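Going down the list, the protein sequences come from chains A and B. Convert by adding 30 to the 1-based position in the first sequence; the result is the number in my numbering. Just so you know, my numbering puts 9 at position 10 of the second sequence, and the rest follows in order with no gaps.
Treat the hints as calculated values from the structure; they're not laboratory data. Each hint should be verified, as a subset may be incorrect.
[Claimed, not checked] With a straight-line Cα cutoff of 25 Å, these simulated SDA-like cross-link-like pairs (lysine to any residue) come out:
(1) B:K61 with A:V104
(2) B:K61 with A:N88
(3) A:K109 with A:T161
The model shown is predicted, which means the values in this text are computed figures rather than measured ones.
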Amino acid sequence: MKAQSKNSMPAYALAGVTAIVVAVIAIAGLNALGMVSGTATVTVQSSVAISMPVNSINFGTLYEGGTNNTLGTVPVPFKVQNDGNVKLNVTINATNIFTSAPNPVSNYQYMANVSVPGEGTCFDITQSTTTLTNMPASNNPTKFLTYLNDTNGCDDAEIEVQVTVPVGESAGAKTSTVTLIGSQA
Amino acid sequence: MDKKPIILALLLVLVIVTAYAGVTAVTQEASKPTANGEVMLEVKGAAQTSGASGQVTLNVVKT
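In isolation and in its complexed conformation, chain B is listed as follows (with noise of 0.2 Å):
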């Protein structure tokens, strides 16, 4: 019996196999947002306070 069709007949059914899943593949990748990645930067603006003091001074004398 030959052999060579039984061969070429599952060939084919892999090939096509392969190439279904191929194209699914670059499909669904194509339809994904093109963005490969995300860089997020947040300001944190805690409420916070700082303090100094000074002194004023004067000497006060009667006329």
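Pulled out of the complex, with its shape left as it was, chain A reads as follows (with noise of 0.2 Å):
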């Protein structure tokens, strides 16, 4: 027969404690284990889209060696809209609208403006077309504005547009197909 002193624990019931506390650790760290990380992936696609709110500029009748312009407002400018989610890049080009003076030419020109009255200033003005340029010839698409923003609210530009009839122009009715094409920046 074993001593064993009054106050101490029986080895028997010393090993089932310990082993009811190991064992509870060893779940937990197996549990822990058994834990599975995954991977989510989410795509956003991008979207690029403009329009042209105002798509129409009408200078009405001219004389030989008049000029009109969009900058007094009267016509009013064309106005390109990002209806994307992505900030763009815009190009523009045209057919020649005078059969004397092909594109480009002094007599036929264009800038990005900021919108008035609109939504301030929406795009890169330092890197984009603001002062009057000939327009670029149907072939020829070339970047006029740069970073056009694609916020609610801020997400527009005006391009105004210069005419001079040459001299020499026959008489009649003239129109330029303006185009517009916007790349994700």
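Grab the two chains, each in its own frame, and use the hints to assemble them into the complex.
See the structure below:
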């Protein structure tokens, strides 16, 4: 028979308690190992979309040598708007308006401008064409608007146009189609 | 024959084995990266363009 002090715990009881404690630790450890990490991938598709809320400029009647432009807001300039969810660069090109002076020529010019009245400066004016510049030919799209905002409330710009009828230009109706192409900046 | 020593011995073996497994599990878990999950956000920038067009018109008259 083993000698046993009055206050000591029997060995088998101690072993049982220890076993329970260790088993709990082991279960906790195994449970921790059992946690599975995962990878969730979220894809946000960019949207590139532009529109022209103002897409017609009519200068009315002009004589040979006569000049008119949209800088005085009559007629109103073109307006381009970013309808997508990314900043855009925009190019411009146009068909000839005068038969005697094909693009690019000083008789037909354009420039980007801030919307007035409007949404403020919604593009990078330091990297955009903001002085009157000869309109590019239809086969030569040229970037003129940089970082046009996509934020609602500030996502548009004006395009001013100036025409000067060349001396010797034939009389009659003149039309030019101006094409803008936006791409992600 | 007193069976208590045998039972105690078996319990001790069980305790040692279980303890080893538990400590190993905890150690391995501790050595793993702390992040349990990962979220990747990818903004796809497909080459897209959008076009719009307008018209400039005027009427030329001779002086």
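task = Determine which of the earlier numbered hints do not hold for this structure and return their numbers in increasing order.
result = When the structure is compared with the hints, none of them turns out to be violated.
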